[in-house]
Each structure stands twice: as C-alpha cells, then as structure tokens.
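Using the numbering used here, you'd call the opening residue of the sequence shown number 305 and step up by one each time.
Among these hints, one or two may not hold up.
As the list claims (entries may be wrong) - Per label pair, the in silico range of CB-to-CB distance:
no.	residue 1	residue 2	range
1	Asp-339	Asn-417	48 to 56 angstroms
2	Val-326	Glu-355	38 to 46 angstroms
3	Gly-412	Gly-331	44 to 52 angstroms
Claimed, not checked - 30 angstroms max Cα-Cα, derived DSS-like pairs, lysine-lysine:
no.	residue 1	residue 2
4	Lys-362	Lys-401
5	Lys-401	Lys-374
6	Lys-374	Lys-362
Calculated directly from the structure, the hints in this document are not laboratory data. Here a beta-carbon is modelled for each residue, glycine too, at the ideal position from N, C-alpha and C.
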Amino acid sequence: MSQTDLFVTAGSAVVIVLMLSVAWVLGFRQSARLDEAEVARLARAEGANIEAAAIDAKGRAAVAKLSGGKLLIAKVMADGVSARVLPQGQARVRLRKGGLSIVFGDLGYPSLNMRLENPPAWLAELGAQT
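Please construct the entire structure, taking both the sequences and the accompanying hints into account.
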C-alpha cells in the first residue's frame, strides 16, 4: 500500500466519522410513535372522525374505523407516519393468534401486520366480512 493509498483511506475514514457525527447530532435515531391523539389527528386531516381504533403495543402501527365506512391505516416509517384511508371493502383483514394482517386491494401500499393480544370485536367483524 502506497502513501497515497493511506491518505485516501484515512481521509475516507474521517469523512465517514464526520457524516455519522452529523447524523447523530441531527437525531437519526428518532422515530415517530402512534397514539390515540396522533391517530385522531390523522383522521381529522382526512375530514373524518374515529369510531374505534386499535394501536399495537409498540406504537408502530394502527388501524382505525372512521365515520363513513372507511378505514385509516397508519404505520411508522423512520421518523414519520405513513397513513392511508380507504373504504372497508378495499382491505382484507385476517385475524390470527396474537395479531392481524391487512392486505390492500392495490399493491401501492404494503400490507399491515400488527401484534394485538386481544383484537377488538370490530376488527373481528371486519375479518368475518372479507
């Protein structure tokens, strides 16, 4: 390894440490959490009211039944929340022991898998309808 190679390697290491330091200062470990207030805010942004909601224990996913026969699906993605509102008929709900899976009619939004120890009755009804 030549002296030039050593300088290039050392310079690269310094730049990597600098980029990691900037990311740490900016808070790259921050992540959003879903709670009832956040789900209600998302519903209001869509002009709807929540009739019922289920949020996983870690606050990383939520499904809410909205007024007008719609569903709100929300997932934490990095430091933000991705939400989708759709008619109940466009979602296939499957309950399983300890959780549920929701698959959407289009492929534009990945399916939602969340852990729920005791799924509420309204989710069981949605699962029976699909």
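Consistency of the hints with the structure:
A hinted range of 48 to 56 angstroms for the beta carbons of Asp-339 and Asn-417 is inconsistent with their spacing of about 20 angstroms. Checked against the hint of 38 to 46 angstroms, the C-beta distance between Val-326 and Glu-355 comes to roughly 44 angstroms, which is consistent with it. As the Cβ distance of Gly-412 to Gly-331 is approximately 30 angstroms, the hint placing it in 44 to 52 angstroms is violated. Taken as a hint, the Lys-362 and Lys-401 pair is honoured in the structure, with Cα atoms around 18 angstroms apart against an allowance of 30 angstroms.
With a CA separation close to 25 angstroms, the supplied pair Lys-401 and Lys-374 stays within the 30 angstroms bound. The suggested pairing of Lys-374 with Lys-362 holds, with an alpha-carbon distance near 24 angstroms, which does not exceed 30 angstroms.
Figure legend: structure checked against the earlier numbered hints; hints not met, in rising order: 1, 3.
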